[in-house]
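A.B. asks: For reference, the chains in residue letters:
There are 2 protein chains.
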Amino acid sequence: MTEAEFIAALRRLPLHPAARSLNDDTALLDAGPLVVTTDTLVEGVHFLPSDPPQDVAWKLVATNLSDLAAKGAIPEGILLNYPLRDDAWDRAFLDGIAEILAAFDTRIIGGDTVTLPPGAPRILTVTAFGSDAAAPARGGARAGDALYVTGTIGDAGAGLAIAFGEEGPPELLAAYRRPQPRLADGRILAPHVHAMMDVSDGLLIDAARMARASGLAVAIDLAAVPLSAAYRAVSGDRIAAATAGDDYQLLFAAPEEFVTDATRIGAFSSGAGLTLHDSGTPVPLPASLGYEHAPRG
Amino acid sequence: MTEAEFIAALRRLPLHPAARSLNDDTALLDAGPLVVTTDTLVEGVHFLPSDPPQDVAWKLVATNLSDLAAKGAIPEGILLNYPLRDDAWDRAFLDGIAEILAAFDTRIIGGDTVTLPPGAPRILTVTAFGSDAAAPARGGARAGDALYVTGTIGDAGAGLAIAFGEEGPPELLAAYRRPQPRLADGRILAPHVHAMMDVSDGLLIDAARMARASGLAVAIDLAAVPLSAAYRAVSGDRIAAATAGDDYQLLFAAPEEFVTDATRIGAFSSGAGLTLHDSGTPVPLPASLGYEHAPRG
Chain A
1 MTEAEFIAAL RRLPLHPAAR SLNDDTALLD AGPLVVTTDT LVEGVHFLPS
51 DPPQDVAWKL VATNLSDLAA KGAIPEGILL NYPLRDDAWD RAFLDGIAEI
101 LAAFDTRIIG GDTVTLPPGA PRILTVTAFG SDAAAPARGG ARAGDALYVT
151 GTIGDAGAGL AIAFGEEGPP ELLAAYRRPQ PRLADGRILA PHVHAMMDVS
201 DGLLIDAARM ARASGLAVAI DLAAVPLSAA YRAVSGDRIA AATAGDDYQL
251 LFAAPEEFVT DATRIGAFSS GAGLTLHDSG TPVPLPASLG YEHAPRG
Chain B
298 MTEAEFIAAL RRLPLHPAAR SLNDDTALLD AGPLVVTTDT LVEGVHFLPS
348 DPPQDVAWKL VATNLSDLAA KGAIPEGILL NYPLRDDAWD RAFLDGIAEI
398 LAAFDTRIIG GDTVTLPPGA PRILTVTAFG SDAAAPARGG ARAGDALYVT
448 GTIGDAGAGL AIAFGEEGPP ELLAAYRRPQ PRLADGRILA PHVHAMMDVS
498 DGLLIDAARM ARASGLAVAI DLAAVPLSAA YRAVSGDRIA AATAGDDYQL
548 LFAAPEEFVT DATRIGAFSS GAGLTLHDSG TPVPLPASLG YEHAPRG
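These protein sequence lines are chains A and B, in that order. Numbering of the first sequence is given in my numbering, commencing with residue 1 and proceeding in unit increments. Numbering of the second sequence is given in my numbering, commencing with residue 298 and proceeding in unit increments.
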C-alpha cells in the first residue's frame, strides 16, 4: 500500500474528533487530563514473523490499553506509527486494528507511516490516550497492604510455546495472541486501590517493581498464584507462570480486607526486595524474574 | 545500555511533571487542549547509518517540534520510543536529545525502550505535545489568499548531497542535520493566518496538499521561492529546491496585504491543483513534487 492508500484505509476506521479527519499534521486533543502510554513491538523480539498480522495488531493496541486499564482510564484513542512493507500484511494488520478498536470502543487519533529498507524487521508503535482516570501510581503501596492480581497468570507464556509448535489448548494460544486488557476491572478498581500496574514482563518482576517504587518489601505466596485449568493441564509450573510475560492482568495493592474478585497473592511490609514462599515454606528466587530489555548481539 | 541504564540517563534530562519521574507506566498530562504529533525516522531511509547520532536525535525531535510550530503551540514535551543497540551510539543519541530539549525548552514525558534483532535498522519514534495553540488547520486557505513561506528553501536538500560526499558549505549540511523548528514564528503567525503547515516533504508537494485540503488551486511563482546565498553558490536550481524535503519552514495562507517577514510565493484561487510559473511564464510541473512514502522492494 502507498501512504495515501494506508491513510484512506485508516479513515474507514472509527476516528476521534481530535484526528481532524486525518487531514492535518497534528491532532487536537481536548479531553481533560490525559493518561498517555506508548508501546513498541519488534518483529523477531515481541512477535514472530509467522504470527497472523491481525493478532499482531490486536496485541500492539491491547498492550497499550492494558496500561490505560491499570490507571482506570476510559480509552480515547491511539496514534499508530506504521512501516509499510507488504500489501497483504498491511491490510490484514488494519483488519486487526479495526477489531480491537471495535472491541474496546477506541478510535484513531493519528500517526505516521514510513517505508522500510528491504529485509528490515517491522517495528510497530502505538501511543494510547485515556481520560477520566483515577490513575493510582505504581509506587503507592503501603506496608500492611495485600498484593492482588486479576484473572490467571502464565497462560500467555504457555501460549507462546504453542505458537512455537508445542501441543496445547487453543485458549492458551489465544491468551498469547489476543490478550484482553482489563479495562472494566481497572475502572472499578482504580479509585480504591493504593497502587496498580499491569503484568506485562512477568508477575515476579512486575511485583518487585511495584515494591521498589513503593519503598517496600513484598512477599509472594506461589501457592496462591492463580492458574487456569488449561495451564494446569499442560504444565502447572508456578515459577514458569510467574516469570512469563504478556499476562496483561492487573496487579494492585490494597488493604487486607479489600473486597474483590481478584486473587490475594502476597503482602507488603517495610523493607525492600521480593521474597517467595509456598504456603509459608521459603522458595529461592529464580535466576530471572521476568523479561527485561537489554541490547543483543 | 540496558533498559534500566537508559531510563536512568533519561531521568538526568529535563522531565515534565507528567512523567511522574519515569516511575510509572503512563504519563499524566494536564495542560489543557493538546496538539499531538508523532514522527518516525528509519535508518537507511530518513537518516544515514553514518550520520552522527547527536544529529539524528536532534532531527527526530526537530521534525516533531516543527509540526507544533505550524500550529503555534508551546512545546510541552516528548515521548521517545527507542531501540537499544550500541552503547556509544545510545549515549551520543541521548546527548543530542539533551541539546534539543535545552534549545527549545522541552521535556521528557515518557516513552518505551526495546531491543532489536541483530542487524536490524533503527526505527526511532518521537511523539510531541504542545499547548496553547491557535492551531490553524492545513485546509483553511481562502480564494484570494497569498501563499507565504518562512526562511529559505532547498538548503537541507543540498545538505543531503554534502552528507553523501559532495563538496559544499557547512551551513547547508547543518540545515540537513540540525533543522531549526520555527517555533517563535509559529507563535506569532498562528493566531492570524488562515492555514499553516510545515514544509517537510518538499515545498511543491506540501503546497499542493494545502491547496487540496482547502479545496482550492494554488499557483506558485518559482522566481519568488527564497533561496539562501549558500544554496545559490552551489546550485541555484529552484525546481530542485522546491522539491527537496526537510526544510521545516512554515508554509501559510494569509490575505495579500498580510504584513510578515515571510516571503510571498504564490496565490490561491478557486479550482484545484498546483501550477507553476516563473515571473508569469508558465513552467511545467516536475515529475515528482516531493517525497511520498511508498513500500519498497
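The hints are simulated quantities; they were obtained by calculation from the structure and are not laboratory data. We put the CB at the ideal spot given by N, CA and C, even for glycine. Where hints are given, some of them may not hold.
[As the list claims (entries may be wrong)] Computed, partial: chain A to chain B, Cβ under 7 angstroms: (1) Leu34; (2) Pro121; (3) Thr125; (4) Ser131; (5) Arg138; (6) Gly140; (7) Ala143.
[Stated by the list, open to error] To be clear about the criterion: a stretch of chain B counts as covered by chain A if any three or more of its residues have a C-beta under 8 angstroms from a C-beta of chain A, and this derived list gives those stretches: (8) 323 to 336; (9) 431 to 444.
[Claimed, not checked] Which chain A residues face chain B? A few, computed with CB under 10 angstroms, are given here: (10) Ala8; (11) Leu10; (12) Thr40; (13) Leu41; (14) Lys71; (15) Ile74; (16) Arg91; (17) Ala92; (18) Gly130; (19) Glu171; (20) Asp198.
A.B. asks: So, for every hint listed, does it hold in this structure?
C.D. replies: Evaluated hints:
no. : hint       : result
1   : Leu34      : holds, 5 angstroms
2   : Pro121     : holds, 5 angstroms
3   : Thr125     : holds, 5 angstroms
4   : Ser131     : violated, 11 angstroms
5   : Arg138     : holds, 5 angstroms
6   : Gly140     : violated, 10 angstroms
7   : Ala143     : violated, 19 angstroms
8   : 323 to 336 : holds (count 13)
9   : 431 to 444 : holds (count 4)
10  : Ala8       : violated, 14 angstroms
11  : Leu10      : violated, 14 angstroms
12  : Thr40      : holds, 5 angstroms
13  : Leu41      : holds, 8 angstroms
14  : Lys71      : holds, 5 angstroms
15  : Ile74      : violated, 13 angstroms
16  : Arg91      : violated, 12 angstroms
17  : Ala92      : violated, 15 angstroms
18  : Gly130     : holds, 8 angstroms
19  : Glu171     : violated, 27 angstroms
20  : Asp198     : holds, 7 angstroms
The structure does not agree with the numbered hints 4, 6, 7, 10, 11, 15, 16, 17 and 19 stated previously, though it agrees with the rest.
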